[in-house]
Each structure stands twice: as C-alpha cells, then as structure tokens.
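Asker: So you can see what is in the structure, the chains are spelled out below.
2 protein chains.
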Amino acid sequence: MPKFHKHIFVCCNQRPATDPRRCCDPAGKADLQRAFKIKLAQLGMKGRVRANKSGCLDQCEHGPNVVVYPDAVWYGHVTAADVDEIIESHIIGNKPVERLLIPDSCLNAESCPHKQRRGD
Amino acid sequence: MPKFHKHIFVCCNQRPATDPRRCCDPAGKADLQRAFKIKLAQLGMKGRVRANKSGCLDQCEHGPNVVVYPDAVWYGHVTAADVDEIIESHIIGNKPVERLLIPDSCLNAESCPHKQRRGD
Numbered sequence: 001m002p003k004f005h006k007h008i009f010v011c012c013n014q015r016p017a018t019d020p021r022r023c024c025d026p027a028g029k030a031d032l033q034r035a036f037k038i039k040l041a042q043l044g045m046k047g048r049v050r051a052n053k054s055g056c057l058d059q060c061e062h063g064p065n066v067v068v069y070p071d072a073v074w075y076g077h078v079t080a081a082d083v084d085e086i087i088e089s090h091i092i093g094n095k096p097v098e099r100l101l102i103p104d105s106c107l108n109a110e111s112c113p114h115k116q117r118r119g120d
Numbered sequence: 121m122p123k124f125h126k127h128i129f130v131c132c133n134q135r136p137a138t139d140p141r142r143c144c145d146p147a148g149k150a151d152l153q154r155a156f157k158i159k160l161a162q163l164g165m166k167g168r169v170r171a172n173k174s175g176c177l178d179q180c181e182h183g184p185n186v187v188v189y190p191d192a193v194w195y196g197h198v199t200a201a202d203v204d205e206i207i208e209s210h211i212i213g214n215k216p217v218e219r220l221l222i223p224d225s226c227l228n229a230e231s232c233p234h235k236q237r238r239g240d
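As you go down the protein sequences, you meet chains A and B in turn.
In terms of our numbering, the first sequence opens at residue 1 and continues consecutively.
In terms of our numbering, the second sequence opens at residue 121 and continues consecutively.
Be aware that a few hints might be false.
If you anchor each label on the Cβ, the simulated ranges turn out as follows [stated by the list, open to error]: (1) His5(A) <-> Arg168(B): 22 to 30 Å; (2) Lys29(A) <-> Lys149(B): 18 to 26 Å; (3) Pro16(A) <-> Glu208(B): 31 to 39 Å; (4) Arg15(A) <-> Ala147(B): 18 to 26 Å; (5) Lys3(A) <-> Pro146(B): 21 to 29 Å; (6) Lys3(A) <-> Ala147(B): 37 to 45 Å; (7) His5(A) <-> Pro146(B): 28 to 36 Å.
It is worth saying that the hints were derived from the structure and are not from the lab.
Where a beta carbon is used, it is the ideal one built from N, C-alpha and C, also for glycine.
For reference, chain A alone in the conformation it holds in the complex (with noise of 0.2 Å):
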C-alpha cells in the first residue's frame, strides 16, 4: 500500500485555562479531528488520508491549528465548520483554503501581530 496521500495533524493540546498561550483544544475530546476523520471515512478516503492527533503544533497564537503534510500546508484557528472546504478544496483538489492559512511570516516567529494579541 502506498504512503498517505496526505497526512492531516491536528493539534489536541491542552492547558490549563489559566495559561496566556491558550490551547488548541481545551476541552480535551478532539472534536476537530475527530470531525475531520468522519468526513474521509464518509468519502471513502481511509487508508490514504489521515486525520491525526497531535500534541502542540508551536504556533498556539493561531490555534486550533492544523497542518497537512507532505505539503506543510499550515492552518490556523480551524474550527468543525471549515473542515467539509479543506478536505474538499485542498485534501481532494490540491488547491489550500487561502483564508485560514497561517502567513509564513507568523510561523514559528518570536512575535507576530497575532502572537501579541494573544497576549492581551
């Protein structure tokens, strides 16, 4: 069997509510990835895409974040609501959702305008 096609990580880490840097999943079920999961299944996709959990992404300013490999195709502040249009625009037709991707400029950045408002 061949490699995935593409592999979707999802950060589902938590930390207390108390935390400046936030989380990506504070409430600890893995909602998103679990909704991007049920979406490949639904279409069949198992086996050659993954929706993955994972622990931190390092870009928590952004979060929830996600991020498809082997493009490194970054996403930030996904929620349930923008999965259907990843996977059907980018997972099924290459083409990135523009509109959620995190700026290359941001990624792993010691500041961002992001980062700072995360810090209010």
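Since the structure of chain A is already known, use the hints to place chain B on it.
Answerer: Frame of chain A; chain B shown alone:
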C-alpha cells in the same frame, strides 16, 4: 521564519495492555519524543526541526513508530537508542536510516508479516 525543515512525529498512543494491537507508548510518558526533543535542543535546532507527539499513526504492528515530514519517511521499532542516528544521519545529513525504515509494502497494508507476528 521558515516552516520546519523537518517535522518529526512520534507516536505516543496508549492502549490497554490486553489490546492485541499493543501501542507505541505503553508507559504514557512520551520518553521517545522527549529524547528527540532534548537532542534537537542540544544541537540548537529548536524552531527549525520539531519533535512532536502524535496520536496513533496506524502502523501499530511496527511500533514504536516515527514519521518524518515533509520527507514522508517512516520508521518502525524506534527506541531512544536510535535517536542520535536518526538526527545525525537523516535530519542533518538527509540520509534516512535504512535499518529502521518501515517497508513501503507494509505501510497501510491490510496484512503484512509484521502484523501477523504481533497477533501471536
């Protein structure tokens, strides 16, 4: 800042001890992921290479499993003793560690010799 040069996902999944599929991190301590993280920090690679916890990578019969993206290189039966070699040969030298590779024919396969062996 650029995207991660390499993004290492280390399966930290747990299952009950009675589960025939076993799991990659029965102690639930993420020791393998931490070993990668410490070594990368020692080498000053933080922010360029990330060792991430992941949920089940779905190649359980080969575990403990590690996948390196964007290369999509899969390793099986990885232990803390392998971390230096993976980082030095693959992450720095771009030469995957052949002896630890999961064969393409096993990835996502319905059955493979390793799957049968774990079902003893």
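Asker: Look at each hint and say if it fits the structure.
Answerer: Outcome of the hint check:
For the pair histidine 5(A) and arginine 168(B), the supplied restraint of 22 to 30 Å holds, since their beta-carbon distance comes to about 26 Å. For the pair lysine 29(A) and lysine 149(B), the supplied restraint of 18 to 26 Å holds, since their beta-carbon distance comes to about 23 Å. About 37 Å separates the C-beta atoms of proline 16(A) and glutamate 208(B), a value consistent with the hinted range of 31 to 39 Å. Distance hint check: the CB atoms of arginine 15(A) and alanine 147(B) are about 22 Å apart, consistent with the given range 18 to 26 Å.
Separation of lysine 3(A) from proline 146(B) is about 26 Å and conforms to the stated range, judged on CB atoms against 21 to 29 Å. Checked against the hint of 37 to 45 Å, the C-beta distance between lysine 3(A) and alanine 147(B) comes to roughly 28 Å, which is inconsistent with it. For histidine 5(A) and proline 146(B), the Cβ-Cβ distance of about 30 Å falls inside the hinted range of 28 to 36 Å, so the restraint holds.
Hint compliance for this structure: hint 6 alone is broken.
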